[in-house]
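*Asks:* Letter by letter, the chains look like this.
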Amino acid sequence: MIYDVIIIGAGVSGAAIARELSRYEANVCVLEKCEDVCEGTSKANSGIVHAGYDAPAGSLMAKLNVRGNEMMDDFCRDLDIPFKRNGSMVVCIHKEELSGLQDLYDRGIQNGVKGLKILTREEALKMEPNLSDNVEGVLYAPTAGIICPFKLCIAMAENANVNGVEFRFNTKVEDIKKGEDDLWHIRTNNGECVSRYVVNAAGVYSGQIHNMVCKDDDKIEITPRRGDYCLLDKEAGNHVSHTIFPQPTSLGKGVLVTPTVHGNLLVGPTAEDIDDYEGVNTTADGINDLIAKANDHVKNLPMRKVITSFAGLRAHEPRHEFIIGEVKGAKNFIDCAAIESPGLTSSPAIGEMVAGILKDMMGLKAKSNWIGKRKDILNPSDLSIEDRNDLIKKNPAYGNIICRCESISEGEIIDSIHRPLGARSLDGVKRRTRAGMGRCQAGFCSPKTMEILHRELGLKYEEITKCGGRSNIVIQRTKNQKGGEC
Amino acid sequence: MLNYDIVIVGGGPAGLAAAVAARDAGIDKILILERDKELGGILNQCIHNGFGLHTFKEELTGPEYAYRFIEKVLEAKIEYRLNTMVMDISADRVVTAMSREDGMYQIQAGAVILAMGCRERPRGALNIPGFRPAGIFSAGTAQRLVNIEGYMPGREVVILGSGDIGLIMARRMTLEGAKVKVVAELMPYSGGLKRNIVQCLDDFGIPLKLSHTVVDIEGKDHLTAVTIAAVDEKSKPIPGTEERYTCDTLLLSCGLIPENELSRNAGVEMSPITSGPIVNESLETNIPGVFACGNVLHVHDLVDYVSEEAARAGENAAKYVKGQLSDAKSDIEITATDGARYTVPSTINIDRMDDKLTLRFRVGAVYKDSFVSVYFDDERVMHNKKRIMAPGEMEQVILLKNKLTEKPGLKKITVKIESE
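Those protein sequences? They're chains A and B, same order as listed. Heads up: the first sequence at position 319 corresponds to 406 in my numbering, and the numbers run straight through without jumps. Heads up: the second sequence at position 5 corresponds to 322 in my numbering, and the numbers run straight through without jumps.
So here's chain B without its partners, still in its complex pose:
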């Protein structure tokens, strides 16, 4: 069996940033396991710009952003293995991996960092009625076909779901000469970033129909048309509102699901809200020495936040390996209510907490001129007005350690959205 201090599962933005931070924290034996043929993860197919505004104060393409981190991994001579699939992770941190070159092998890891990313919700999970012809893709699959393989899926496109990848692909397909007829979104608001709606739809005159969904798919061999209809408050299609669009391509951008099959098999406890592991202030799961970061933990809006979070996972894993993390008892539970859907992390052990701790969360609906409130037990300690909050964008609050230590016996922190 091989031995490494830290094994990182996934060589995308989360895995890379975690590796670099762990090395900076003085860990020598780090191994990144990546299933694809190169490091960088999904960023490699995101050839549009707009990455890195927060981290690097410039607009990079996905591959450029990834390369900033790949360069550091290379400079630091951090080991990585490509085309390698992790088949299993055990609760005692034995990682079983496989590749053409190395066969199937096991690694005893001092700490494991889960950085497997997420996958797209497929058509089947959406229960869209109709035929099942060729021409229906999740937006990310189409993005890979166009940007990596260099092939166009079709000429006339309808997009269901206004997640960021769908918005980006609306523009991409248009630039490649396809006609994107409409983007339909089930919810009364978009799941994507405002800037993507402006730059990818509005700038190209592509209509976005909120509170609409696909109610029929036609075509026995290949897609020939879809029908969309308006939906009521319960997301049920409203009879009489059907509109038929002839098209040969239907792209789906209806949500991302953290890919936690390995985590689950290892016994990692999951949040039913994020579909990611439940983690404490150190981004450590219920299994000691197993950490999580990036989209496998919760789906992020900006990669900058992935990198930042992953670096913390890397630092904490380093502390764990060096025996510098005290026992993972939790003093404080963090609850999200009243419009705040979840928080990451969801528990705090004050001894292990850094001076500042970023709590990230998402809201469940669009809130205008509302307040993000934080309660320490029953006392409101923060009440910040936000002009607009939407489910497509992550929110954050920063907890200061000295404020928490001022409240001995503090049991519960609550994050909620208040109208006044």
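In isolation and in its complexed conformation, chain A is listed as follows:
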């Protein structure tokens, strides 16, 4: 089969492009090296919808950030995922740096950010009492928001899939060549794929993918820039109500403190350039560093309430600008590379832009039967007792709580497995339902979730993984269960 478009990478960029392309008559396939969507940069970031004052005026990054932010309300409503405009604050703690806030403000105005305001120390402390006692002033951006990166990515991919986009998981691109037939031939660990157009949305690997097809003088190098995070218990979720940033530096927006859209408190990220493209290990120095930095801007952080720490990789390119467009000398090969922060915010706009480029190049026609809306997994906690009882009568699985920390029922987990692009691993279930994301970190629910995966997917226990590949949870039966050993 010859595809019209192959998208490499099922992170937020790839998923957003897939969803936008699914509006049109075209055979589209997404190749993903991992077993699920949202496995790379998209899964470990701050979950912030940035207002758009950071990126240099006139940059593509600024334009897509502001556009993505504007699109987010309708986008999340259509995809039925949570999004909250909680507002962000850039906190200045040194009088001599107050001018930096004004610079950010001015840039924000140039970028088209609405509602920006510089607050005095008193105004800021009134709105956010746990700001550092040293606060001198604050840039307040009411349009900034918080979102669940997993839900956003999964919802876009799922909706694309419903509209006919194929996803091939565990499929890693090894080489790309233009054939004599003038088509792109993509060699993978799972055989060759052929396509008229290719989109490179490969995250930290987007440099490698780009360099497979570009001219020698047009190579790019993406550096994985690691960021460590700590996630705190929901008990700490109200410590601040806005997203609190320090003033930015050359390494980025700095260590933020924010409530998450699910009600936890998130602290991070650090910024460290590394060589390992899979180097998502946290370090003691990193965690100590982020705790120290977070305390500069927010006081009394309850770090004893940490329930997990993790690290993510940003796809950093020295120019710090999104690279979107046809690669020079590689006709019909579109880059969507170097998508670092604000990539999550920008993703709906990136999808719109890349799909727009392809539409024009390919002369795509809109589908008449495109389905732009989807329903997320039901959240029974939102229901009244009466409605919940009706639900349980119809489907008793909703009466069986599997994850006690997050109150996730068997019904939600079964839904997450059987819906389009459903979960096949513990992490897959976790990112779709939050089962295992709470304070016990899956200590109690993982054996029960394994039982459900075993039953619903016909997987042997030994085949059930944390996140695909070799991440199996158990290796074999115990002696007793094997039977008859003398």
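Any given hint could be a false lead.
Stated by the list, open to error - Cross-link-like lysine-lysine pairs, in silico, BS3-like; alpha carbons within 30 Å at most:
1. A:321 x A:462
2. B:496 x A:566
3. A:321 x B:551
4. A:259 x B:537
5. A:306 x B:537
6. B:729 x B:673
7. B:526 x A:380
8. B:702 x A:547
9. A:321 x B:354
10. B:394 x A:480
11. B:553 x A:386
12. A:481 x B:702
13. B:673 x A:392
14. B:702 x B:720
15. B:498 x A:386
16. A:566 x B:498
17. A:321 x B:537
18. B:526 x A:392
19. B:551 x B:733
20. B:537 x A:566
21. B:496 x A:547
22. A:392 x B:702
23. A:480 x B:354
24. B:685 x B:526
25. B:551 x A:380
26. A:418 x A:265
27. B:720 x B:646
28. A:566 x B:354
29. B:720 x A:321
30. B:537 x A:340
31. B:553 x A:380
32. A:392 x B:553
33. A:150 x A:452
34. B:720 x B:685
35. B:354 x A:547
36. B:511 x A:566
37. B:498 x A:547
38. B:703 x B:673
39. A:480 x B:346
40. B:646 x B:685
Hints are computed from structural coordinates only; laboratory data are not their basis.
Put chain B on the given structure of chain A with help from the hints.
*Replies:* Structure of chain B alone, referenced to chain A:
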């Protein structure tokens, strides 16, 4: 809305003993709500022996010990509902519960007994750096996989933390053919019982490295190795002491946390030391008619003490329901200082006190040839020498009501550890 005299949240050893005692005290309408598929709680996965030495003067396995109480519950025809999750408890004792069969429903309880037990501290709360691959389990999760589900998590094991479940699992994994390479403990002493160190580690030649912790975790999909290092007095790793162990399994036994989300939402006041409710002599929380016992109140070392404590909670809840508990004013405050970390209970109302009251507490470090001292206001009334006291084992003193009534106006009882 359903109505019960006493609703017990949790059908583990605490809930069972509380139910039996409340029935013996003449309460008819008792309901136990249990989230798992059978009564017995975590004891069901504790298939090793050593339970019940104090209560039954014999060594039972966990399920056997539980069954002694389950039998009594069955004989007494005490109602229980399985696979039932309590979703909420209100300050006026309305319990909201849910199950497949019964849907979501509410119960007005005359009294509530909190007996939800505890959970294990997960890897995330320990801030261990490194990757986050498969193969890392809290010891109790591994115990469930091995003993209930019948599956082995791996072949080469490192254990961090020397809590009792970790020690028990060191032996269990060894008996199942795995190689347990080392047990690392952050503190300079073990958090587990001495007898478990002897029977589960020493007897199998498994090294216990005190003042050590895990400083790195390797493996992108699945665990491949961990690095442990010695730590200084401030628990900071000492550079140059790193040792790398290849392994596919890391078990964590780094402390238990009473599971009090329901209690907190109900408005129950918590002790920052035990992470359990603050209770008076009747094991009653600040909310009248809401009692707590077992590991949800404070983490115990032996289940015998859980049963004993829970029975008192059951009796007191029965008194409350029958209107026999006088107002919960507190006459005497109990303070733990100088090495004693906390006491349960922490206040006494003399009118409500039984003839004897057991005060349970733990020490914060290892004490050799030291004294447990009790002061009534400023007067020392007890000074008992103990050869050894350790944080892994609970201590107790017994207060006699007649001694307290001899001291009218007594405001404060202090428990402390003294070197002489």
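*Asks:* Hints first: check each against the structure and report whether it holds.
*Replies:* Hint check results:
1. This hinted pair checks out: residue 321 of chain A and residue 462 of chain A have alpha carbons roughly 26 Å apart, not beyond 30 Å.
2. Using a Cα cut-off of 30 Å, the hinted pair residue 496 of chain B and residue 566 of chain A holds, with the two alpha carbons roughly 15 Å apart.
3. Note on residue 321 of chain A and residue 551 of chain B: the hinted pairing holds, with a Cα-Cα distance of about 29 Å set against a maximum of 30 Å.
4. Annotation: proposed proximity of residue 259 of chain A to residue 537 of chain B holds, straight-line Cα distance about 16 Å (limit 30 Å).
5. At roughly 28 Å between alpha-carbon atoms, residue 306 of chain A and residue 537 of chain B fall within 30 Å of each other, so this suggested pair holds.
6. Proximity of residue 729 of chain B to residue 673 of chain B is assessed by CA-CA distance (about 17 Å); at most 30 Å being required, the pair is judged to hold.
7. With a C-alpha separation of about 34 Å, the suggested pairing of residue 526 of chain B with residue 380 of chain A is violated against the 30 Å cut-off.
8. With a CA separation close to 57 Å, the supplied pair residue 702 of chain B and residue 547 of chain A exceeds the 30 Å bound.
9. Our distance criterion of 30 Å between C-alpha atoms is met by residue 321 of chain A and residue 354 of chain B, whose separation comes to about 28 Å.
10. A threshold of 30 Å between alpha carbons decides the hint, and for residue 394 of chain B with residue 480 of chain A the separation of about 28 Å falls inside it, so the pair holds.
11. A distance of roughly 24 Å separates the Cα atoms of residue 553 of chain B and residue 386 of chain A; the hinted pair therefore holds under the 30 Å criterion.
12. Between residue 481 of chain A and residue 702 of chain B the CA atoms are separated by roughly 64 Å; this puts the pair beyond 30 Å, and the hint is violated.
13. Under the criterion of a C-alpha separation no larger than 30 Å, the hint pairing residue 673 of chain B with residue 392 of chain A is inconsistent with the structure, at around 38 Å.
14. For the suggested pair residue 702 of chain B and residue 720 of chain B, the alpha carbons sit about 21 Å apart, so the restraint of at most 30 Å is met.
15. This hinted pair does not check out: residue 498 of chain B and residue 386 of chain A have alpha carbons roughly 42 Å apart, beyond 30 Å.
16. Simply put, residue 566 of chain A and residue 498 of chain B have alpha-carbon atoms about 20 Å apart, close enough for the 30 Å limit, and the pair holds.
17. Pair hint residue 321 of chain A plus residue 537 of chain B holds up; C-alpha atoms about 28 Å apart against a cutoff of 30 Å.
18. Taking the CA atoms of residue 526 of chain B and residue 392 of chain A, the gap is near 27 Å; set against the 30 Å cutoff, the hint holds.
19. With a C-alpha separation of about 24 Å, the suggested pairing of residue 551 of chain B with residue 733 of chain B holds against the 30 Å cut-off.
20. With a C-alpha separation of about 29 Å, the suggested pair residue 537 of chain B and residue 566 of chain A falls inside the 30 Å cut-off, and the hint holds.
21. Between the alpha carbons of residue 496 of chain B and residue 547 of chain A the distance comes to roughly 24 Å, so the proposed pair stays at or under 30 Å and holds.
22. Using a Cα cut-off of 30 Å, the hinted pair residue 392 of chain A and residue 702 of chain B is violated, with the two alpha carbons roughly 38 Å apart.
23. Proposed proximity of residue 480 of chain A and residue 354 of chain B is supported: the alpha carbons are some 20 Å apart, at most 30 Å.
24. Of the pairs offered as hints, the one joining residue 685 of chain B and residue 526 of chain B holds, with about 21 Å between alpha carbons and a cut-off of 30 Å not exceeded.
25. Restraint check for residue 551 of chain B and residue 380 of chain A: satisfied, since their Cα atoms lie roughly 22 Å apart, inside the 30 Å limit.
26. For the hint pairing residue 418 of chain A with residue 265 of chain A, the CA-to-CA distance comes to about 9 Å; that is within 30 Å, so the pair holds.
27. For the hint linking residue 720 of chain B to residue 646 of chain B, the alpha-carbon distance of about 20 Å falls within 30 Å, and the restraint holds.
28. Using a Cα cut-off of 30 Å, the hinted pair residue 566 of chain A and residue 354 of chain B holds, with the two alpha carbons roughly 24 Å apart.
29. Between residue 720 of chain B and residue 321 of chain A, the direct Cα distance comes to roughly 46 Å. Violation of the 30 Å bound is thereby established for this hinted pair.
30. For a cut-off of 30 Å, the pair hint linking residue 537 of chain B to residue 340 of chain A stands: about 28 Å separates their Cα positions.
31. For the given pair, residue 553 of chain B sits about 20 Å from residue 380 of chain A by alpha-carbon distance, which is consistent with the 30 Å threshold.
32. Using a Cα cut-off of 30 Å, the hinted pair residue 392 of chain A and residue 553 of chain B holds, with the two alpha carbons roughly 20 Å apart.
33. The suggested pairing of residue 150 of chain A with residue 452 of chain A holds, with an alpha-carbon distance near 26 Å, which does not exceed 30 Å.
34. Distance check on the hinted pair: residue 720 of chain B and residue 685 of chain B sit about 29 Å apart at the alpha-carbon level, within 30 Å; holds.
35. A threshold of 30 Å between alpha carbons decides the hint, and for residue 354 of chain B with residue 547 of chain A the separation of about 22 Å falls inside it, so the pair holds.
36. For the hint pairing residue 511 of chain B with residue 566 of chain A, the CA-to-CA distance comes to about 28 Å; that is within 30 Å, so the pair holds.
37. Taking the CA atoms of residue 498 of chain B and residue 547 of chain A, the gap is about 28 Å. The hint holds against a cut of 30 Å.
38. Taking the CA atoms of residue 703 of chain B and residue 673 of chain B, the gap is about 21 Å. The hint holds against a cut of 30 Å.
39. Annotation: proposed proximity of residue 480 of chain A to residue 346 of chain B holds, straight-line Cα distance about 27 Å (limit 30 Å).
40. Of the supplied pair hints, the one linking residue 646 of chain B and residue 685 of chain B is violated, its CA atoms being roughly 38 Å apart against a limit of 30 Å.
Hint compliance for this structure: hints 7, 8, 12, 13, 15, 22, 29, 40 are broken, all remaining hints hold.
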